[in-house]
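**Student:** Grab the two chains, each in its own frame, and use the hints to assemble them into the complex.
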Amino acid sequence: MKPAPIAYVRPDTVERAVGLLSESGGEAKVLAGGQSLVPMLNLRIAAFERLVDVTGLPGLRSASDEGSEVRLGACVTHERIQTGDVPDPSNGLMPSTASRIAYQAVRNRGTIGGSLALADPAADWLATMAALGAAIEWVGPDGPGSCPAEAFVEAAYTTRLGLYDVLTGIRIPRLHPDARWGTYKLCRKTGEFAHAMAIAIRQPGGCRAFLGATEGAPIRLPAVEDMLAGLRGWDASDAARLGEAMAADVAAAGRSLSDVHAWQSRTCLARAVAMSFGAAPPRLGRAA
Amino acid sequence: MARTASRNIGQSIPRLEAREKVTGRAEYVHHLRLPGMLYGKIFRSTVPHARIKSVDVSAAQALEGVYRVVTIDDIREAIPHPYYGPAFHDQPILADGKVRFAGEPVAVVLAADPHIAQEAVGLISAEYEELPAVFDEVEAMSSDVLVHDVLKPAATFPDLKHLAGRTGTNVALDYHLLRGDPEAGFAAADHVFEHTYRSQQVMHIPMEPFVSVADAADGRLTLHTASQSPSFVRIEIARLLGWPENRVRVKVPYLGGGFGGKLYIKLEALVTALSLVARRPVKVALTMEEQFFMVTRHPCTFTIKSGVNKDGTIVARTCKVVWNGGAYADIGPRVTQKAGFTSAGPYDIENVEIHSYAVYTNRPPCGALRGFGAPQTAWAYECHMDEIAEALGMDKVAFRRKNLLQNGRPQATGTIVQDAALEQALDQVADRLNWNEPLDRGDGRIRRGRGIAVGFKGITAPTTSVAIVNLYADGSCGLYISTVEMGQGSDTVMAQIAAEVLDMDAAAIKVVHPDTDVTPYDMGTLGSRSTFHMGTAVRLAAEDARKKIAELARELGLPEGSNLPLPELFRRKYGMQAGNIIGTASFIPKYEKPDAETGHSRNATPFWGVGASGAEVEVDTETGHYRITKLVNVADVGTALNPKLVQVQLSGAGIMQLGFTTTEEMVYRDGQLTNGSLADYKIPTLLDIPPEFINEHVDSEQKDGPFGGKGAGESTTIALSPAIGNALFDAVGVRLTDLPLTPEKIFRALCEANGTPLAGE
Numbered sequence: 001m002k003p004a005p006i007a008y009v010r011p012d013t014v015e016r017a018v019g020l021l022s023e024s025g026g027e028a029k030v031l032a033g034g035q036s037l038v039p040m041l042n043l044r045i046a047a048f049e050r051l052v053d054v055t056g057l058p059g060l061r062s063a064s065d066e067g068s069e070v071r072l073g074a075c076v077t078h079e080r081i082q083t084g085d086v087p088d089p090s091n092g093l094m095p096s097t098a099s100r101i102a103y104q105a106v107r108n109r110g111t112i113g114g115s116l117a118l119a120d121p122a123a124d125w126l127a128t129m130a131a132l133g134a135a136i137e138w139v140g141p142d143g144p145g146s147c148p149a150e151a152f153v154e155a156a157y158t159t160r161l162g163l164y165d166v167l168t169g170i171r172i173p174r175l176h177p178d179a180r181w182g183t184y185k186l187c188r189k190t191g192e193f194a195h196a197m198a199i200a201i202r203q204p205g206g207c208r209a210f211l212g213a214t215e216g217a218p219i220r221l222p223a224v225e226d227m228l229a230g231l232r233g234w235d236a237s238d239a240a241r242l243g244e245a246m247a248a249d250v251a252a253a254g255r256s257l258s259d260v261h262a263w264q265s266r267t268c269l270a271r272a273v274a275m276s277f278g279a280a281p282p283r284l285g286r287a288a
Numbered sequence: 001m002a003r004t005a006s007r008n009i010g011q012s013i014p015r016l017e018a019r020e021k022v023t024g025r026a027e028y029v030h031h032l033r034l035p036g037m038l039y040g041k042i043f044r045s046t047v048p049h050a051r052i053k054s055v056d057v058s059a060a061q062a063l064e065g066v067y068r069v070v071t072i073d074d075i076r077e078a079i080p081h082p083y084y085g086p087a088f089h090d091q092p093i094l095a096d097g098k099v100r101f102a103g104e105p106v107a108v109v110l111a112a113d114p115h116i117a118q119e120a121v122g123l124i125s126a127e128y129e130e131l132p133a134v135f136d137e138v139e140a141m142s143s144d145v146l147v148h149d150v151l152k153p154a155a156t157f158p159d160l161k162h163l164a165g166r167t168g169t170n171v172a173l174d175y176h177l178l179r180g181d182p183e184a185g186f187a188a189a190d191h192v193f194e195h196t197y198r199s200q201q202v203m204h205i206p207m208e209p210f211v212s213v214a215d216a217a218d219g220r221l222t223l224h225t226a227s228q229s230p231s232f233v234r235i236e237i238a239r240l241l242g243w244p245e246n247r248v249r250v251k252v253p254y255l256g257g258g259f260g261g262k263l264y265i266k267l268e269a270l271v272t273a274l275s276l277v278a279r280r281p282v283k284v285a286l287t288m289e290e291q292f293f294m295v296t297r298h299p300c301t302f303t304i305k306s307g308v309n310k311d312g313t314i315v316a317r318t319c320k321v322v323w324n325g326g327a328y329a330d331i332g333p334r335v336t337q338k339a340g341f342t343s344a345g346p347y348d349i350e351n352v353e354i355h356s357y358a359v360y361t362n363r364p365p366c367g368a369l370r371g372f373g374a375p376q377t378a379w380a381y382e383c384h385m386d387e388i389a390e391a392l393g394m395d396k397v398a399f400r401r402k403n404l405l406q407n408g409r410p411q412a413t414g415t416i417v418q419d420a421a422l423e424q425a426l427d428q429v430a431d432r433l434n435w436n437e438p439l440d441r442g443d444g445r446i447r448r449g450r451g452i453a454v455g456f457k458g459i460t461a462p463t464t465s466v467a468i469v470n471l472y473a474d475g476s477c478g479l480y481i482s483t484v485e486m487g488q489g490s491d492t493v494m495a496q497i498a499a500e501v502l503d504m505d506a507a508a509i510k511v512v513h514p515d516t517d518v519t520p521y522d523m524g525t526l527g528s529r530s531t532f533h534m535g536t537a538v539r540l541a542a543e544d545a546r547k548k549i550a551e552l553a554r555e556l557g558l559p560e561g562s563n564l565p566l567p568e569l570f571r572r573k574y575g576m577q578a579g580n581i582i583g584t585a586s587f588i589p590k591y592e593k594p595d596a597e598t599g600h601s602r603n604a605t606p607f608w609g610v611g612a613s614g615a616e617v618e619v620d621t622e623t624g625h626y627r628i629t630k631l632v633n634v635a636d637v638g639t640a641l642n643p644k645l646v647q648v649q650l651s652g653a654g655i656m657q658l659g660f661t662t663t664e665e666m667v668y669r670d671g672q673l674t675n676g677s678l679a680d681y682k683i684p685t686l687l688d689i690p691p692e693f694i695n696e697h698v699d700s701e702q703k704d705g706p707f708g709g710k711g712a713g714e715s716t717t718i719a720l721s722p723a724i725g726n727a728l729f730d731a732v733g734v735r736l737t738d739l740p741l742t743p744e745k746i747f748r749a750l751c752e753a754n755g756t757p758l759a760g761e
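Protein chains in written order, with full-length UniProt numbering: chain E, 1 to 288; chain F, 1 to 761.
It should be emphasised that the hints constitute simulated quantities derived from the structure, not laboratory data. This structure is a prediction, so every number in the text was calculated from the model and none was measured. A couple of the hints might just be wrong.
What the hints assert, rightly or not - Partial list, derived from the structure: chain E residues whose beta carbon lies under 10 Å from chain F:
1) A7
2) L43
3) S99
4) Y103
5) T267
To be verified - Using 25 Å as the maximum straight-line C-alpha spacing, the simulated DSS-like pairs for lysine-lysine come out as follows:
6) F:K745 with F:K682
7) F:K402 with F:K305
8) F:K21 with E:K2
9) E:K189 with F:K745
10) F:K630 with E:K189
11) E:K2 with F:K682
12) F:K682 with E:K189
Beta carbons are placed, not taken as given, at the ideal position from N, Cα and C, and that holds for glycine.
Excised from the complex, chain F in its bound form (with noise of 0.2 Å):
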């Protein structure tokens, strides 16, 4: 891209939080203690499918320093219907009745120190007339289990209406698409291949777990909450209250991570409850360990089959794809749809099928965790890519290249593709890992192999930004928007942007952090729209800035091009510093949503997320161990607006995914979660980086995008997990098609391989 050299745009410029991070300064919620505030603990389900016979609080409510314990017969009198939910009104503030997972809230203690109200937890007992329960998503398709009785569709989502009042069935939402004929594609085909892949359930783990407080009095509600969505918050609270937006107010200083998590609405429904029932201000604050309950990311089996051509062409593709949603929707229907519609992969197929259902079970809730659903798919996809490229003896980048989408070519869905530096980020990984040369595989114990893929992502349309651009009478600039500041370096590149525009320092740009009552709307920090969406928010608004500028110039009488500076025009025009300049747009891509019939549209995403992965690895064949020796991602972030930001974003995303396909998994027994503690349950640390870790983005341009860019924080998920499955199996000739990867499945696998299968479990 020949651009001209600017201060801001394609610089590194250091996080303009940096110094308050590092000094500790910067503020949380978990830091904020209000005047009178009580503490809520959680008293939990013990078990996962019940009907509440009785609950008995009196030993709680006893103990000295006991404010209060909450049921949901108390919050139903501020909240007469206490359910919750972004795409179904389904779940209940405290279990109503009945519970759906073990870990489910049922009472909350409210006392003014923490460790009382966890002591009073210890002294709540229930009992239960359990109930037969569903775990496995394919199972619960057909299971006579019912999670929920009758579907509840929010009105948010009018393509969800025509599921109200469905009976009978634990299937959410499903979701088809059609394209072609693939039962006469696979008639015509040469080969027909189908294979079945399994993602486990994992959790986000922000270091900064969930934290709401609420403050309600007088008709007005303050939520000061880690949450990526202040606007949804303050939305949903209004539609439980009954209340017009302008009496909530949401409050969202920095966030230690979000990941997915901290989405739509999570503890401020609970909060707003209690303080609402309290008359204080309450504060929730879950554990790490209480994190596991709140939501995760979905497991999936994905059945897929390809019809394909002697000479590597895949004609036909269907896909069977089933979300395990657990007990409560979250916005599961919207990771059904999202990643249903690209679950066929980045190929340009001439028949496609899909179907993808959300299916409630009675685990805890599966929502958005970066990525929404594209790295399960991929893990099917890219897996199956290789077994067929192995099949008809092809090499497996030339046979994803013979099939690969290109621009100007229809998706499944009939969209047009643009934009999306596919191929060039397949290349980039086949070079750095000398894909041409010959790779030393090792020789008795030890064998090495290597892997690739390459997926793409929908991006969640149709969604709003607004910003404000606001020039204060001594020509210093504040930037009014919604975007949160999670770790993932939004405040700098929104400063950029508009720094810009407006010819200034990114650095010197205040950038105010969301507070509904200042700062506009926006739909969410989520799935790698910030830079896309709001950032063309705000480059017009910083537009907008400056035509008024202009305006205020040409009514001073100034010649037009003079370049008096901006606090002298101020002065000019009120006699003293004095007044603002307020800059103001709002954004919302073109969106054409999905034939409910044929899965169709033309327009089906604002653009596309890309990724490649490559690994090498060596694998011990007399135990299974196995060690990733070189790991390569390549994305597609349009224009790198910021180069370190989005290395960090890329290595960040990568190591998140490396977790979830070595060690992560949430492990069950009878519906009971046996290892939900970081002290079971293993993510990677700085050991367990590869000694070569390459994160790269292709040379590319999001022509529609702020200043040629577009998100960067979900892409390098996406592909990673197959390119390790595939290089295990290009190792040591083994299949895995369960995620995680562990030693003990390779080598069981081997075992079986080798035909001295062993025992089992």
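Isolated chain E (complex conformation) (with noise of 0.2 Å):
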């Protein structure tokens, strides 16, 4: 199918991006990649009146280094962060997990800023900026605004921004030198989002630990946290103690996942724990 006929326009300031979506009332759309909203445009199951392409706005697709801290400009490609063209705070986790994103058509297009936009429960960047501890920017009829990646949804396709408001940018602090991360997802097909994905993050001062490929916002793990900080090397008999921390931590948020959920995210976990440690997790489909 194709989508119904919509105005299109191509601002070249965040405060026209934002006059034009204010003054439609509802009725219009941000257009950064296109990889979720254009599919969604030509099934019909979204139908907006006009898209406001934010890619020529300035910025959008810079990248700049600040020492402490990397900021992104929404606009930047998975691709881009995938092959290093911008810099990477994170040790190798984010150009990895951007490798790792559906295929490589939807990386040349796909941005981070979009993805976190649209918030669906089973991208990768949301449990990704979560874990590194980054903060999302915008600008709306009100001026700037901002807040932690962890903070930013608030349930399935729902997060902080509100209906006029333009994602700007990400900030990601440096991780330590000698931070080491793990991450690991289970995809039931190639390309597919994501049913299951956790995040590991040891390092000096603070481990982090993320679910994600929830229903809803991805879940910290303060428990699981914890035990990371006293784990001097994984061994397989830490599984068990990993997913009994895991499942208090999960209903301690007040979440639930069913039964194969729960298995599989503990696995993932597992997994991306001792990746942290220098295990390489077990991959199907490699030649024999």
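**Tutor:** Given below as structure tokens:
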């Protein structure tokens, strides 16, 4: 199918973009890489009167290394993160994550800001940015705003962004040089969204652990983080304790996972933690 | 096969239509616009089973640009008995007082602009009195919920006549076969095994969704339609209208895939009615999503029981196969019978009993889909074979080989098997899998395994093909056939056959596409039948033309064997470049319909479709995720008339069945389809093709086929699913009985096997 007729504008200032959104009274939608929005328009699951293309806004496609943190414009593509075309504050976590998003055609056009703003619970950047302690920045009718990535998502497809706000960039603090990370996700088909995902970061001054691909916001795992801080190595026998900590964290967050999903999340988490200690996770389909 | 070199047969001649297709010039019905044409958009039922209290079309009718809104009452003015179908006349052109599945067409908006028509559809509302509904085929066998009050078999199939007027049942057809004495066989057997397996509902997903255009005027009708069976469409439309066939013209250009979906009669009845009502040409083109409500593949529950002796000889087998036909029979009763009679598998078993049932439910209708039921039955009997071999501690290949039907032996119907290379196909798969070499089974979390399966299918019978070879005065040739080129390469193969007889180049032959005013009858492009049936008709028609050339030469007084070019013959006969030589032939293979009581037949099928598959898998035991690292499909296609086309038929069918095995399933909640779009219903992409993907044919010959050939379109759908299911068992020791084979099911089964079952959903 093709989308219903729709107006398209590509403003050259953020203020103009916000103005265009405001004057449309909710009938306009921000277009970045279009890798989710355009298929939804084509399937006519979504319908808008106007698309406001933000890829021409100053600074949205640039990146800057500010020493203790890196700022990425919202329209930086997965491909540029994957290939190192933008500075990496994450000791390789972000390029690795980017390289496993969908497939190459999506990575070529899809953007980190678009992915965050859509807030599909299974998207990679939601959990990754939360785990890295990033901050999301936007500009709206009331001026600029920002919040920690961890607090950005309120529910599936629902974020702190107001109807007329434009996500402009992400500030990502630089990981400690000694920080070690691991990440693992399960996808049923090549290029599909994940249905279970975990990230673990061990670093001096505070470990971080998150589950992604839940039915809502990424779930932070404080008990797991405490456990990670005390681990000196990974042994398969630690998995049971890790699973218990994860279960306690999920319950404490007021969330629940179905039985298979809980086990798959637990396996992802164990593999992510093991990976942070240098153990390559098992991968299927490698030529024997 | 020692065969003298031919420039046509056995050559991978490029598709005749390749250039047209890659340059975007090929003709499809979706491109067609007729002057004054209206577009129809369909308002569909939102409930699975209900009486319609009222349909309010006033707001839709009032929308500017809407030509007319049509319901069954309007259609009845043009067609007094608006019920159609190939096996049963049970399907109303639009819902008639009742709806029987969620998604059933209830009304149509006509407008010159399809977008306006679509918008108006959103303005229609219907009030329903909901009725209890039944969705599961086994429940429907004995349910009080009746999908139809009375059975209405069509006259097309004489063996369904006895069902006319039957009430109080959802069973549309029951087929039975009895050979020997299974009860005595079980009593005498050393072991008895019984298992139940299920297949899910899936859809064809042709790249070109259903589309038909009707142009009715002055007591004549022209249909331009994406149909696999133009001759059947003409017959059924003529019946609906009470017109002679010669007033109905059905034209089919290329099809963008059919896979059994675009068979018999689908949108054609609706567009015909709409064009008659509106007195304008009308086009209805479904969206990809609407296709889920047109026709699908039967879900199936199959209970199979075998008596086996210690040495591995199967002495008795009973099969109870229940087919979920959905709300309208379509060709389901034929699936029930055709896949029913082979449901004991390609094995030589003395005592066999088969009961196969077509059952109505409140789901979208089910019909033919690449394999015509054979993949569902093979899923059961080939998993069952592995479970038996496992229990007996026998090698899976050796156990099959021991019981395999050999040529010259009677199949369950009594038909003597001929030209079925079952053992060759099985052996070739085993060879490609290095079956006799040990497999690296992995350790720790990743486990490897391999599986094998073999199956067969009977071919729809009796069916007829007619061909016309027309030699023009300049010596060039037109081939007039109603076989539909839907991507399988039939134009090329038919041209090769004609060219071989006429000693021409295939590429020089013009294949005239189906147009019932021009091309002769063909039963349909379906069930792997075209190469064998139409191929034979084409060969005979070309031979008829040759005979007429020889007669012409004799008439002109030329010596026997004179090699005068055809244009010169015409010039001598007519004094100028003029005239035609027309060769014609029809072909219907030998067939004996099964005995109503015993299911026996001495000639149950024109030939046997044979496919064997093997798979190697890796399973992540902590997640249930798996990868198929190697997939082998081997088919018996007789002589490969065009090896490249055979190759792509085998791989294409394999990829399709791979989707039906791993991811595809129509999922329902309260009778509502919840994943009816390609955003949610996942089909394989190039990235899902196993890294080692081998598709081959065995060296064989179908002796009564054209130049030794037979059908190739379905063979690799048959055994693929059980090969993968068996490989998963081999890898991790859990047996999945229900398709599709999802990681969640494997993980659940692994937890169960480890004594730590999950709580359940």
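**Student:** Now look at each hint and say whether the structure bears it out.
**Tutor:** Hint check:
{"no.": "1", "hint": "A7", "in the structure": "violated (16 Å)"}
{"no.": "2", "hint": "L43", "in the structure": "holds (6 Å)"}
{"no.": "3", "hint": "S99", "in the structure": "violated (14 Å)"}
{"no.": "4", "hint": "Y103", "in the structure": "holds (6 Å)"}
{"no.": "5", "hint": "T267", "in the structure": "holds (5 Å)"}
{"no.": "6", "hint": "F:K745 with F:K682", "in the structure": "holds (17 Å)"}
{"no.": "7", "hint": "F:K402 with F:K305", "in the structure": "holds (18 Å)"}
{"no.": "8", "hint": "F:K21 with E:K2", "in the structure": "holds (22 Å)"}
{"no.": "9", "hint": "E:K189 with F:K745", "in the structure": "holds (15 Å)"}
{"no.": "10", "hint": "F:K630 with E:K189", "in the structure": "holds (17 Å)"}
{"no.": "11", "hint": "E:K2 with F:K682", "in the structure": "holds (20 Å)"}
{"no.": "12", "hint": "F:K682 with E:K189", "in the structure": "holds (8 Å)"}
Hints 1 and 3 from the earlier list are contradicted by this structure; the remaining hints agree with it.
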